[in-house]
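Enquirer: One line per chain: the protein sequences are U and F, in this order.
Taking this note's numbering, the leading residue of the first sequence gets 3, the next gets one more, and so forth.
Taking this note's numbering, the leading residue of the second sequence gets 449, the next gets one more, and so forth.
Please keep in mind that the hints were generated in silico from the structure rather than gathered at the bench.
Please read all numbers here as calculations on a predicted model, not as lab measurements.
Built from N, CA and C at the ideal position, the CB exists for glycine as well.
Since no wrong hints were added, every one of them can be taken at face value.
Only some residues are given here: those of chain U computed to face chain F with a beta carbon under 7 Å: (1) Glu40; (2) Gly42; (3) Lys66; (4) Met67; (5) Arg70; (6) Leu71.
Below, computed lysine to any residue pairings styled on SDA-like, alpha-carbon distance capped at 20 Å: (7) U:Lys33 / F:Ala677; (8) U:Lys65 / F:Leu748; (9) F:Lys1045 / F:Leu1013; (10) F:Lys585 / F:Gly727.
Spelled out, the chains give:
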Amino acid sequence: MSIPRPTNAVPVEYLAPEAEGLVVDLCGEEKNVHRLEELGIRCGCKIRMLSPGEPCLLAIEGKKMCLRLGASAGILVHPLTP
Amino acid sequence: MATVALIGNPNTGKSSLFNALCGGQARVGNYPGVTVEHKTGRMRLGSTSHKSIELVDLPGTYSLSARSADEAVSVEVLSGEMPGLARPDAVIVILDATNLERNLYLLSQVLELGLPTLVALNMWDRLESEGIAIDPKSLSHSLGVPVVCTSASKRMGVADLQSALGELLESAESSQSAREQHQPASLASTSFPEPFRRCVDELALWFDSQGCRLPRFQIERLLIDDSQAHSYRVIPKVLTSEVTERISQAREQLASEGVAIPLFETRARYAWIKQRVAGVIERKPRERRASLSDQIDRWLTHRWFGLLFFVVLMFLIFQSITWFASWPMDGIEFATQWIGQRIESMMAPGPLRSLLVDGIIAGVGSVLVFLPQIAILFFFIAILEDSGYMSRAAFMMDKFMSILGMSGKSFLPLMSSFACAIPGIMATRTIENRRDRMVTILIAPLMSCSARWPVYVLMVSAFVPNRSVMGGWIGAQGAVLFAMMALGALVSIPVAWLLQRFVFPGEPSTFIMELSSYKWPSLRVVLMRVWERVLAFLARAGSLILVTSVLIWAAAYFPGDHGPLDIATAKLEAEQAIPDADPEKQQALETQINQLKSEMISQSYLGTAGDWIEPIVRPLGWDGKIGVAVLASFPAREVIVATLGTIYSLGAGQDENSQGLAAQLRSATWPDGRPVYTLATACSIMVFFALCAQCVSTLVTIRRETNSWRWPIFSFVYMTALAYAGAWIVFNLMSFW
Ligand SMILES: Nc1nc2c(ncn2[C@@H]2O[C@H](COP(=O)(O)OP(=O)(O)OP(=O)(O)O)[C@@H](O)[C@H]2O)c(=O)[nH]1
Ligand SMILES: [Mg+2]
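Start from the sequences and build out the full structure, keeping to the hints where you can.
Expert: This is how it looks when you write it as structure tokens:
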């Protein structure tokens, strides 16, 4: 699998319902990014949007997570076309 | 005796496994953050030399860099800092097999603690339906620790786990100083960047030279975690400033050498995980079709429908409690009255008989009547908790709570405060943001806990007409009850806003939470939860409420010469025993007794105290008796029912005495003959109880969780003021109307 170039990346909030994306970058304060990674949200993992908005509901490797990061951190994904 | 700790990510089945291993009664629920303090239990290993083992259930954590108070508990126990608990001799790490990679992150850290470690691959029963296959043998080989497959909730694999644990402890014992030596084949930390490892070596030397030996793992945590993190708490106070200095220097040095703290850690660990699971785990490609769980979630977390569903669900629960409970309640009420009458028929009138009948049976009995309600309430709560719905509700509420500057994380503690504020306040340990946690602790006692039920139900059943609206589907009584339940929550909204605006200014919080998978609630879990609360309720009725009932009885009985009253009562009872007695004579005796009774009670200490209190509570529409009863219920609010039971049993006329407390309340009058209790009075009492901080245990819990007396005093003052004002407004509005 070729790593998509980050230029195609969009913030995870922009994924449409049921759309999938590959996490390409986590940005924001380091300790917040560290936490996200501990929780299993890390570069290279696949995310499926279940319910967009604030907070949004995501499926990450088969587990559902809800997320409202505000300005503290951001998740950039490369949208995967089905 | 060996100590063994159970650790793992939240909601992976640690408490279920704990219960299966040692027959304990740890609370189990299907949402992250059920366990928030450590719990110990004894367990026997059959065939080994270790006769008995102390098993420790811990709060769930995603990593050993603790960010919230519950995670800190786990880290403290593992590093042996928890007072009163030995450092564990071995650890069982519970991994959710359906989410292996993420769960291995914690394991990679635990392995570095150097404790003998055993892996329980839990949720094994769900692997197939998730389309995942794991080879436990190669996993064990690759991790270098024994791996056992378990299904804790179905109690499968428990025997295997026990024997594996026995072997682990035995081999640890036979190799001398096993604690230091126990090291699996490969550790993630060996692949940390060279400059970082050098830095840790230097710091370790420095700590040694200061006479403070820290394990390598802890020094790594100091370097990686930010200064708010738990790892800083282990440093002796005298060293703190110097350590902070050294660490920031070391970090600058590392940054210049290209080591990205803290992110290199996660990278290194996930790289390690990738190596460990290669060839061990196999995933069938999933169909893209939305699963049933996704479809349910689409509705339950829908912006409007989800909210509506939540409100309707709560309403139905409260309605059905009133339906289901009425029959057993009548039974208990009948039983207590029957016992009272038995005693009356066996004993001559006098202080002892009065203590038993008016003090203990009328007092404690009137509280016991509410046992069915409590049991049914917890039955529903347990079903919601174990189905997985709770985390959905938290997700939905986050939208709304973020407006108040809080997060959905606060929802679960608040929801559990509807049962009882004490576990609710404890549950705030899962909230990382300190300011959020404080606000949640301070508003949790406003949620309508189950101890308020008896007050509401008593007032509602006595004074709200039993009419039904909307074609009989909604009872007026149920609706008022629901309104009372909702009142505290509604009032908490402006309170939370004010608190976070003026008392705890700070960053708005973020929200990250894992949703649990839906499942059918387990009958065992549900019944255990109900049983636990029923026992707690009975324990309270048998201790605090019993004592207050006796005290109130004494205050209402003494001083005063009860001789004439006892003689009149004895006469009446003798008269009643005669088959065709003179009804007029009986009538005269009854009038005399009623008059004596009310004289005695108004001369008593309680009557005197009532006269003192009356001016203060008069604006709320209460008389002195209610005032005293409310005052007596400041230690625990449900005491009000017991005190009213005692007061009116002592003071009640002979007719009402056999009709229960509600009838006695209805017939209470002011000296001028007007009834004391009107709908307005009843509502003012209910509103007072909805808002007041009448629970010593809650205040003590606030003290413990905030480490200061300031906050319990603050809660007490603001809630009591709120309660008085609320009751005054309601009474005046309703009397006017
Ligand atoms: N299918 C399945 N469900 C399980 C298994 N073990 C536990 N559960 C369920 O998972 C949920 C969580 O169980 P708990 O024992 O409370 O989990 P915990 O790890 O103690 O959770 P926290 O204390 O919140 O960290 C409950 O609903 C259990 O019934 C299992 O092996 N298989
Ligand atoms: Mg638990």
